[in-house]
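**Q** In case you want the letters, here they are:
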Amino acid sequence: MLRLIEVLGIIAFALSGLIEARRKKMDFVGTYAIAFVTALGGGTLRDLLLNRQPVWVLHQEYPLMIMVLVIGALIIFRLKKFVLTEHTIIIPDGLGLGLFSASGTAAAFGMDLPPFVCVVMGVITATFGGVLRDIVCNKIPVIFRRSELYATCSFFAAAAYWGGRVLGVDHALSATASIVIALGLRMLATKFHLRLPM
Amino acid sequence: MLRLIEVLGIIAFALSGLIEARRKKMDFVGTYAIAFVTALGGGTLRDLLLNRQPVWVLHQEYPLMIMVLVIGALIIFRLKKFVLTEHTIIIPDGLGLGLFSASGTAAAFGMDLPPFVCVVMGVITATFGGVLRDIVCNKIPVIFRRSELYATCSFFAAAAYWGGRVLGVDHALSATASIVIALGLRMLATKFHLRLPM
Amino acid sequence: MLRLIEVLGIIAFALSGLIEARRKKMDFVGTYAIAFVTALGGGTLRDLLLNRQPVWVLHQEYPLMIMVLVIGALIIFRLKKFVLTEHTIIIPDGLGLGLFSASGTAAAFGMDLPPFVCVVMGVITATFGGVLRDIVCNKIPVIFRRSELYATCSFFAAAAYWGGRVLGVDHALSATASIVIALGLRMLATKFHLRLPM
Chain A
20 MLRLIEVLGI IAFALSGLIE ARRKKMDFVG TYAIAFVTAL GGGTLRDLLL
70 NRQPVWVLHQ EYPLMIMVLV IGALIIFRLK KFVLTEHTII IPDGLGLGLF
120 SASGTAAAFG MDLPPFVCVV MGVITATFGG VLRDIVCNKI PVIFRRSELY
170 ATCSFFAAAA YWGGRVLGVD HALSATASIV IALGLRMLAT KFHLRLPM
Chain B
20 MLRLIEVLGI IAFALSGLIE ARRKKMDFVG TYAIAFVTAL GGGTLRDLLL
70 NRQPVWVLHQ EYPLMIMVLV IGALIIFRLK KFVLTEHTII IPDGLGLGLF
120 SASGTAAAFG MDLPPFVCVV MGVITATFGG VLRDIVCNKI PVIFRRSELY
170 ATCSFFAAAA YWGGRVLGVD HALSATASIV IALGLRMLAT KFHLRLPM
Chain C
20 MLRLIEVLGI IAFALSGLIE ARRKKMDFVG TYAIAFVTAL GGGTLRDLLL
70 NRQPVWVLHQ EYPLMIMVLV IGALIIFRLK KFVLTEHTII IPDGLGLGLF
120 SASGTAAAFG MDLPPFVCVV MGVITATFGG VLRDIVCNKI PVIFRRSELY
170 ATCSFFAAAA YWGGRVLGVD HALSATASIV IALGLRMLAT KFHLRLPM
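Chains as they are written, first to last, in the numbering used here: chain A, 20 to 217; chain B, 20 to 217; chain C, 20 to 217.
Check the hints yourself; a few may be wrong.
As the list claims (entries may be wrong) - DSS-like cross-link-like pairs, simulated, lysine-lysine; straight-line CA separation at most 27 Å:
1) B:Lys43 <-> C:Lys99
2) A:Lys44 <-> A:Lys158
3) C:Lys43 <-> A:Lys158
4) B:Lys44 <-> C:Lys210
5) A:Lys210 <-> B:Lys44
6) C:Lys99 <-> B:Lys44
7) A:Lys44 <-> C:Lys158
8) C:Lys210 <-> A:Lys44
9) B:Lys44 <-> A:Lys158
10) B:Lys99 <-> B:Lys43
11) C:Lys43 <-> B:Lys210
12) C:Lys99 <-> A:Lys43
13) A:Lys158 <-> C:Lys44
14) B:Lys43 <-> B:Lys100
15) B:Lys43 <-> A:Lys43
16) A:Lys44 <-> A:Lys99
17) C:Lys43 <-> C:Lys158
18) C:Lys99 <-> C:Lys44
19) A:Lys158 <-> A:Lys210
20) B:Lys158 <-> A:Lys43
21) C:Lys158 <-> B:Lys158
22) B:Lys210 <-> C:Lys44
23) C:Lys43 <-> C:Lys99
24) C:Lys43 <-> A:Lys44
25) B:Lys43 <-> A:Lys158
26) B:Lys43 <-> C:Lys43
27) A:Lys210 <-> B:Lys43
28) C:Lys158 <-> C:Lys44
29) B:Lys43 <-> B:Lys158
30) A:Lys44 <-> B:Lys100
Source of the hints: derived by calculation from the structure; they are not laboratory data.
Please take these sequences and the hints and turn them into a complete structure.
**A** The following block contains the structure:
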């Protein structure tokens, strides 16, 4: 189940990169690079900071899956005028946001790092792919400006995961709590246009 | 004493990030991220290049201190119209510039790396946080364009530290020389609007 | 021979950084930083992803060579109105593109990484310096938009290297094949303005 959500999350993140790349009129190389960076950039930065090898370096199925996805999406967009927006993928994106917050926190937790660092690693894992996407696309990262609680959802999801593990709850259940919190809070924030007070 | 200067330097760097983030109308998430990157980004890049774990990953007091600072500053700015500019923080910024040039050089020196690499590591530590701040804020890094000898001050401070250590001077005294050189040269450059000839 | 091509490639990459930095009216610090990042950024990212120390950290002759080159070029540009464009350096740039695709693939191949990851590492090594150059110069990476098959040349060169090694061909011969493919394809693409169909 968590495995399926991981795949859904990576697909949603890659698609959000693809959407932005199309807006910037990139060709296949650019579209693939942006989709790759958006989907795997957060986890890659986390692994560099934790001084270990990024997961995709040992598992080519991740970059290959994104390549198949990008080629498939570009062909579909050619064949029919299908408009894909961030709104279309909001549910898989929210699932990925929660799960990656949990898995980033888990990686740091497993190395006995301090609590705040564990939560920060969760937030970096879940949100930094999108930050890198925006930097490469030459705009100020959207989650730093008019986000409807994107990083904030990730923060609470990561904190919940950490709290669960400290209380002795296992990985799967803590990660599920993360996903529920991130997705629920994100849906609420989008529906009511919630923003941070400052 | 060096410990106090380190804290002052981190605060000055974080504030320079906060100033830029406010200019770009970022919310709390963006402001904290930019302050974090400006204060800790240079040291983080140095540690990645030296293939070791960034200091803040093991010491959550760094990211927590920046969070307290950002929250405090945002509240103060709300309460009264207090205008903070780069000019206000020029002295703590100069102190940080000198000390981080020294500490970056020290890290490479301790690993017996070649002289020029030691100095480059000092300059990266002291200046790259500001470079990353500008990249994320979607502008060309200011120290690459109209800097009043910012990276140059760091270069001479780092070289002085390296020279001191090679001559057998201890860390504290070499670092003090770095700080004096960086701060002095920076004040002169700012006062007389010194720039590189090319 | 490969050694000579490596030096030529680094010079070509550094010059392409210098050209862009001059366009953005950077001073010496900015010009050196961009030349450095363009020439060594791709290999540095590859080494970080492979969790090992970047080559230039142990070998100061690389950053020093780039410094001499930048100082020399800036003096020459001062003395006489010499216009250097990307077109002038297209042959050494193509040689570097091929060789760095091969050397990046070789590094991953030597660690028994999966085939697609080996090729991706080759492409990152050869093209990411230019991507970083464009990001720091605040523009969308040119190879993501209107490239005349730049990353594509690198991909086929890297794949050819990998194929050679798998078939038992030695490093030097496989790298030569890479260089011939990258340079040949790049010349064709430039001459006929070839682009990807999507």
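**Q** What hints, given by number in increasing order, does this structure fail?
**A** 1, 4, 6, 12 and 30
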